[in-house]
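Trainee: Here are the chains, one letter per residue:
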Amino acid sequence: MDPDILLEVKDLQTTFTTEDGVVNGCNGVSYSLKKGETLAVVGESGSGKSVTAMSILRLIPEPPGQIVRGQILFDGIDLTTASEKEMRKIRGKEIAMIFQEPMTSLNPVITVGRQIGESLKLHEPQLSSTKIKQRVIELLDLVGIPSAEQRCNEFPHQLSGGMKQRVMIAMALACSPRILIADEPTSALDVTIQAQILSLIKKLQQQLDMSVLMITHDLAVVAETADSVAVMYSGRIVEYGAVDEIFHQSKHPYLDGLKKSMPRLDIEQEELYTIAGMVPNPLDIPSGCPFRSRCPQEMACCQNEPPTIFFSDSHYARCWLYADGGHHD
Amino acid sequence: MTDQLVLKVEDLKVYFPVKKGLLKRTVGHVKAVDGVSFEIKQGETFGLVGESGCGKTTIGKAIVHLEPAFAGKIYYKEQEITNLSEAEMRPYRATTQMIFQDPYSSLNPRMTVANIIAEPIRFHRPDADVTAEITAYLEMAGLRKECMLRYPHEFSGGQRQRIGIARALACRPEIIIADEPVSALDVSIQSQIINLLKRLQRELGLSYLFIAHDLSVVKHISDRIGVMYLGCLMEVATTKELYNNPLHPYTQALFASVPIPDPRKRSAKVPLQGEIPSPLNVPPGCKFQTRCPYATELCRDRVPQLEQVGDGHLVACHHWNNLHKK
Numbered sequence: 001m002d003p004d005i006l007l008e009v010k011d012l013q014t015t016f017t018t019e020d021g022v023v024n025g026c027n028g029v030s031y032s033l034k035k036g037e038t039l040a041v042v043g044e045s046g047s048g049k050s051v052t053a054m055s056i057l058r059l060i061p062e063p064p065g066q067i068v069r070g071q072i073l074f075d076g077i078d079l080t081t082a083s084e085k086e087m088r089k090i091r092g093k094e095i096a097m098i099f100q101e102p103m104t105s106l107n108p109v110i111t112v113g114r115q116i117g118e119s120l121k122l123h124e125p126q127l128s129s130t131k132i133k134q135r136v137i138e139l140l141d142l143v144g145i146p147s148a149e150q151r152c153n154e155f156p157h158q159l160s161g162g163m164k165q166r167v168m169i170a171m172a173l174a175c176s177p178r179i180l181i182a183d184e185p186t187s188a189l190d191v192t193i194q195a196q197i198l199s200l201i202k203k204l205q206q207q208l209d210m211s212v213l214m215i216t217h218d219l220a221v222v223a224e225t226a227d228s229v230a231v232m233y234s235g236r237i238v239e240y241g242a243v244d245e246i247f248h249q250s251k252h253p254y255l256d257g258l259k260k261s262m263p264r265l266d267i268e269q270e271e272l273y274t275i276a277g278m279v280p281n282p283l284d285i286p287s288g289c290p291f292r293s294r295c296p297q298e299m300a301c302c303q304n305e306p307p308t309i310f311f312s313d314s315h316y317a318r319c320w321l322y323a324d325g326g327h328h329d
Numbered sequence: 001m002t003d004q005l006v007l008k009v010e011d012l013k014v015y016f017p018v019k020k021g022l023l024k025r026t027v028g029h030v031k032a033v034d035g036v037s038f039e040i041k042q043g044e045t046f047g048l049v050g051e052s053g054c055g056k057t058t059i060g061k062a063i064v065h066l067e068p069a070f071a072g073k074i075y076y077k078e079q080e081i082t083n084l085s086e087a088e089m090r091p092y093r094a095t096t097q098m099i100f101q102d103p104y105s106s107l108n109p110r111m112t113v114a115n116i117i118a119e120p121i122r123f124h125r126p127d128a129d130v131t132a133e134i135t136a137y138l139e140m141a142g143l144r145k146e147c148m149l150r151y152p153h154e155f156s157g158g159q160r161q162r163i164g165i166a167r168a169l170a171c172r173p174e175i176i177i178a179d180e181p182v183s184a185l186d187v188s189i190q191s192q193i194i195n196l197l198k199r200l201q202r203e204l205g206l207s208y209l210f211i212a213h214d215l216s217v218v219k220h221i222s223d224r225i226g227v228m229y230l231g232c233l234m235e236v237a238t239t240k241e242l243y244n245n246p247l248h249p250y251t252q253a254l255f256a257s258v259p260i261p262d263p264r265k266r267s268a269k270v271p272l273q274g275e276i277p278s279p280l281n282v283p284p285g286c287k288f289q290t291r292c293p294y295a296t297e298l299c300r301d302r303v304p305q306l307e308q309v310g311d312g313h314l315v316a317c318h319h320w321n322n323l324h325k326k
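Chains A and B are the protein sequences, given in the same order.
If you read the first sequence in the UniProt record's numbering, its first letter stands for residue 1, the second for the next number, and so on.
If you read the second sequence in the UniProt record's numbering, its first letter stands for residue 1, the second for the next number, and so on.
Careful, some of the hints might be misleading.
To be verified - Below, a sample of chain A positions facing chain B; criterion: calculated Cβ distance under 8 angstroms:
# : residue
1 : S45
2 : L73
3 : L159
4 : S160
5 : F247
6 : Y273
What the hints assert, rightly or not - The list that follows gives simulated cross-link-like pairs (lysine to any residue, SDA-like), each with its CA atoms no further than 20 angstroms apart:
#  : chain 1 : residue 1 : chain 2 : residue 2
7  : B       : K198      : A       : L59
8  : B       : K8        : B       : E119
9  : B       : K240      : A       : I267
10 : A       : K93       : A       : M54
11 : B       : K265      : A       : M54
12 : B       : K269      : A       : A300
13 : B       : K8        : B       : P109
14 : A       : K203      : B       : R266
15 : B       : K269      : A       : L142
16 : B       : K269      : A       : Q206
17 : B       : K145      : A       : I267
18 : A       : K251      : A       : Q205
19 : A       : K203      : B       : G205
20 : A       : K203      : B       : K73
21 : B       : K145      : A       : E86
22 : B       : K19       : A       : K93
What the hints assert, rightly or not - Counterexamples of contact, computed for chain B against chain A with all Cβ distances above 10 angstroms:
#  : residue
23 : D3
24 : L23
25 : V27
26 : R125
27 : T131
28 : D214
29 : K219
30 : Y243
31 : F255
32 : P293
33 : A295
No lab work stands behind these hints, which were simulated from the structure alone.
Even for Gly, the Cβ is constructed at its ideal location relative to N, Cα and C.
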């Protein structure tokens, strides 16, 4: 393994058993996160971007969920087979997560100070309660919450949405994790607060030398924060590359369509481009390329599993358009 | 677009009483909308943008009498409709329709699509050929007529939003108040709905009050835009003028906060510090002064009024002229 790689997800498949059948949350997903890097996983709802992240922390409810295939390598341990005891040492200490909805992810009846201190208490039991309190105040300061000493005795409902998200970040950073998973950290926030939170995450990442796995549906947030990008559709990665390759040399028709259908502030557009149809029902994903029913360049060979074509060391797409055998009709 | 006004709002105020104590005495007011004026011409789209809690949704609700106006006037064409009773309001109900933000909670889960759309038709035009009309409105909204007998839970978010649009169209409205109609949808579905709304406007000559927090969406659909902050309009201008020449520091900061989907245009700076103050405790003078990088003594003392600074360009800032020169 490349010594720079901190976390490697290999051919991960997570399924959910429902009354109507087995659904693939993610299917054959592979990516790696380097030290200090920000990897963005982008996709629409149901594309499996959160399922992969939840699988890393083993937060998938089992049953109905199950990791059926693949490996998640972190520090020489395969997280897919690690025991619950081992996982507990990793969660919050080595890999921490910020959830999408700061409004519902905090416990409403416990002060924010105690909630932040909880993971310190668990992972560093030798710390005295005064030390913990001190550290909590430092953390609140770090994430830019004014009058931290007073704030740590407040309850979540006394804080605004942006402040709650800062508390969530402080909580995640409590044990100085090596990896921060941010699941749509700004989707519930206003645009001016979003800018503040994104810049805060970036600043802390440099300060604490963390790697960030940024999960989002918003391509603009990706462009603003990521070093590498994985684009997901129907549980699979359809294109992967460095951020500049994704935005300026994109290959997959889905990514192209997605980029063209965004209303933009910086350029003039007449009619917006639309991707026809909808995301396929996860119970009934078409064979071969999952995007083919909506793809303007669909070919006969798309019914077969698309090949992975590399355009550079870091950039690949899974699409028949670029295979030797593929040609336009 | 024609020059005829279809909707005019004059100095509208919507206040919510704050009650306290055993006797629930009113101890103060949350001024959700505090003196807003604007007008919409036939076939025009007026966009309202602002952060959450700025009062943009409340304006929409006040126009259709879902919230009572505390003061001010609302006109539909020449007719004042601010304080009409339920019965007097009825003829005007059909003229102004709403499309709501959340397509999951704005459709009755126990009604079929046909019934959802038939209800306004039966109410407003009892003699109409209901089935034919349902089919026509479904088609207009881009749904097949086979959808008629199905229930809302069988549809995706984008399709549900189309049902909501068909329901609004069934009243044959002239004005549609669209309250964040695409913010709950995925990007690829969002563009379908925006294009649909634009097409319907062209074909039916509809006027829109388009309420959203996403500046790129508002820019794309609106002819004119009003920027709101804490219940007041800070700046009003045509879309082009506003984007090329934003004068209010808040408008400038808002635009600068929007992430651009191009990694080569990354900017490191955070344009606006702090958060929107609580509407219970609004700062004196200019409401934006607590976050404004250019605030002076004057801003803390006096409330700036909206003043005309160009053709149809209004701004409420004491210093716009000096900032402009810089």
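Trainee: Going back to the hint list, which numbers does this structure go against?
Mentor: 2, 3, 7, 8, 11, 12, 13, 17, 18, 19, 20, 21, 22, 28, 29, 30 and 31
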